Amino acid sequence: MSGSTGLLTEGQDLRIVGFLCNWCSYGGADTAGVARFEQPTDLRVIRVPCSGRIDPLFIARALLSGADGVLVSGCHPRDCHYAEGNFYARRRLEMLKQFLSVTGIDPERFHYTWVSASEGQRWQDVVTSFTERIRKLGPAPKMSGGTGYDEECLKEIAAAVSLGEQCPCHKEKA
Amino acid sequence: MQALAELKDQIRKALPELDVVIGWQQGYDALHTRPLFIRSEEDIDKLVVNEFCVVNPSSYLREMRGGKKVGLVLKGCDSRSVIQLIQEELLNKDDLTIFGFGCNGVLNHAKLQARFGDIGYIESAESDGNTVNLVVAGNKETAPFAELCAEKCLTCSYPNTLQCSHFAGEESDKKAEAAQDKALEEFEQLSMEERFAFWQDQMRRCIRCYACRNACPMCVCKDHCLANSRQPKWLSEDVDVQNNFMFQMIHVMHLTGRCVECGECERACPMDIPIMLLRRKMAGIVRDVFAYNAGTNAEDTSPLMRFEVEEPTIEERH
Ligand code: SF4
Ligand code: SF4
Chain A
1 MSGSTGLLTE GQDLRIVGFL CNWCSYGGAD TAGVARFEQP TDLRVIRVPC SGRIDPLFIA
61 RALLSGADGV LVSGCHPRDC HYAEGNFYAR RRLEMLKQFL SVTGIDPERF HYTWVSASEG
121 QRWQDVVTSF TERIRKLGPA PKMSGGTGYD EECLKEIAAA VSLGEQCPCH KEKA
Chain B
1001 MQALAELKDQ IRKALPELDV VIGWQQGYDA LHTRPLFIRS EEDIDKLVVN EFCVVNPSSY
1061 LREMRGGKKV GLVLKGCDSR SVIQLIQEEL LNKDDLTIFG FGCNGVLNHA KLQARFGDIG
1121 YIESAESDGN TVNLVVAGNK ETAPFAELCA EKCLTCSYPN TLQCSHFAGE ESDKKAEAAQ
1181 DKALEEFEQL SMEERFAFWQ DQMRRCIRCY ACRNACPMCV CKDHCLANSR QPKWLSEDVD
1241 VQNNFMFQMI HVMHLTGRCV ECGECERACP MDIPIMLLRR KMAGIVRDVF AYNAGTNAED
1301 TSPLMRFEVE EPTIEERH
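Residue numbers (our numbering), protein chains in the order written: chain A, 1 to 174; chain B, 1001 to 1318.
Simulated from the structure, these hints should not be mistaken for laboratory data. Treat the numbers as computed from the prediction; the structure is a model and nothing was measured. It is possible that part of the hints are untrue.
As the list claims (entries may be wrong) - Cross-link-like lysine-lysine pairs, in silico, DSS-like; alpha carbons within 30 Å at most:
#1 B:K1233 - B:K1175
#2 B:K1222 - A:K155
#3 B:K1046 - B:K1013
#4 B:K1093 - B:K1069
#5 B:K1013 - B:K1111
#6 A:K155 - A:K142
#7 A:K142 - B:K1233
#8 A:K142 - B:K1182
#9 B:K1093 - B:K1111
#10 B:K1222 - B:K1233
#11 A:K155 - B:K1233
#12 B:K1046 - B:K1182
Extracted from the complex, chain A is given alone in its bound form:
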């Protein structure tokens, strides 16, 4: 695998991965689209069933693979389709957010927030300002070894999302 199979099409220069909850932010992005709000095109979306499904390792994986930014958006607290998924997510995401700095990956490259399905305008604001932020930060520093950011890595993250409880780590309790 080489970085050349990357997602970047000509003229694009940012690699931003968005994890969007199916029940809200994914719809919010759709609403924004239907309303023809102008949106940056750098975002590569991975749809998740709930922000609670987001393993912080998905984000770590994207960042270590060389994504320039990762945006997570779920339902507002108290509005989770599954009642409490986003409450758990908030804690996990906050831990990752605060942890990143020690790895030397700028925590500004990761943002999490809440956007409901009806908030097309808010989605546009979120994604625009995040993209703007990443643009200012510039491309992420390169790992000095590894295969880097490519289609494969995103596919693997998406595959991991869909595995859920079949993931081997659920199989056995000590």
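Keeping the supplied structure of chain A fixed, place chain B with the ligands upon it in accordance with the hints.
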């Protein structure tokens, strides 16, 4: 040592009810101990408790299955991992008998080596928690404990075994030398770029032997570690910076709110990679945000397994 005699006594009394008691015995020289599995009376006399009992005996628990009655001789820090596992229902409290004592801290071989050259010259070393008295190549030497001890002992606030069934000897009144980990504080003076470069260099040295994981008492997934999973494929077989760093992320994330900061991972690392910086950072965040110290109360619930509807300590992210 008073505590040792008492410990042996307590173990002798409890042994008939137990399948095995795990502790330490003298290793190949004065500076090393190795694990001791006490199954019969004769084994009891091999038990030692000293400043080289570095290994956490509870790391061996995960190899044991099925309702065995196990006794454990544990330092304060070791007991935290057991308490955390009991809390997570990964261990059954009724199967365990914990023998506790007051610990004055353990010594770090790398620091001894840095100070005295080859540690083979060190004939003995004893510490009272303040001063270490050594005999090096026939000469008596003394050194402040803080300069030779394991890093974790500098910030330890739990020198006495927690929630144990038996306690031998006197409680240790050892105080933490510092609230914050100095190495981490210094590291955080570096810029983001410098930190990134630092980990690139460190991760290039990692040989992905997984010793850090295998020594970790909290890593309980055994053969189902994500690092070995092919589906999903988290890591490739390549031992390169990206994959090695990802492995560290896996370890840290899976231990968020669980890591008891025992330092076993870093101690076991054959490449001397300072991976405790990462664990310390995460444990510090958990303390700051959730006022939670892993492994100090079996009745508690780890912060990532619960939530508050309003989180006063988490800034709202817009
Ligand atoms: S023990 Fe050290 S060398 Fe081995 S996998 Fe862990 S960090 Fe890498
Ligand atoms: S990650 Fe390291 S410090 Fe934390 S519990 Fe495991 S071995 Fe101990």
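**OP:** Verify the proposed pairing of K155 (chain A) with K142 (chain A), using a straight-line Cα cut of 30 Å.
**Re:** The hint holds at about 20 Å.
Original post:
Can the restraint linking K1222 (chain B) and K1233 (chain B) be considered satisfied, given a maximum Cα separation of 30 Å?
Top reply: holds, 17 Å
Subject >> Restraint status (C-alpha distance of K1093 (chain B) to K1111 (chain B) at most 30 Å) >> reply: Status violated; Cα separation ~36 Å.
**OP:** Could you grab the alpha-carbon distance between K1093 (chain B) and K1069 (chain B) and see if it respects the 30 Å cut-off?
**Re:** holds, 10 Å
Subject >> Given pair status - K1111 (chain B), K1013 (chain B), alpha carbons within 30 Å >> reply: violated, 38 Å
Original post:
Taking 30 Å as the top limit, are the C-alpha atoms of K1046 (chain B) and K1182 (chain B) close enough?
Top reply: Distance ~37 Å between K1046 (chain B) and K1182 (chain B) Cα, so the pair is violated.
Original post:
Can the restraint linking K142 (chain A) and K1182 (chain B) be considered satisfied, given a maximum Cα separation of 30 Å?
Top reply: The given pair, whose Cα atoms are some 29 Å apart, holds under the 30 Å limit.
Subject >> Straight-line alpha-carbon gap K142 (chain A) to K1233 (chain B), limit 30 Å >> reply: Since the Cα atoms of K142 (chain A) and K1233 (chain B) sit roughly 21 Å apart, the hinted pair holds (cutoff 30 Å).
Original post:
CA of K1233 (chain B) to CA of K1175 (chain B), is that 30 Å or under?
Top reply: violated, 45 Å
Subject >> Agreement of K1222 (chain B) and K155 (chain A) with the hint, judged by alpha carbon distance not exceeding 30 Å >> reply: This hinted pair holds, its Cα atoms lying about 26 Å apart.
Original post:
Is the Cα-Cα distance between K1046 (chain B) and K1013 (chain B) 30 Å or less?
Top reply: This hinted pair holds, its Cα atoms lying about 16 Å apart.
Original post:
Taking 30 Å as the top limit, are the C-alpha atoms of K155 (chain A) and K1233 (chain B) close enough?
Top reply: holds, 10 Å
Of the numbered hints stated above, those contradicted by the structure are hints 1, 5, 9 and 12, listed in ascending order.
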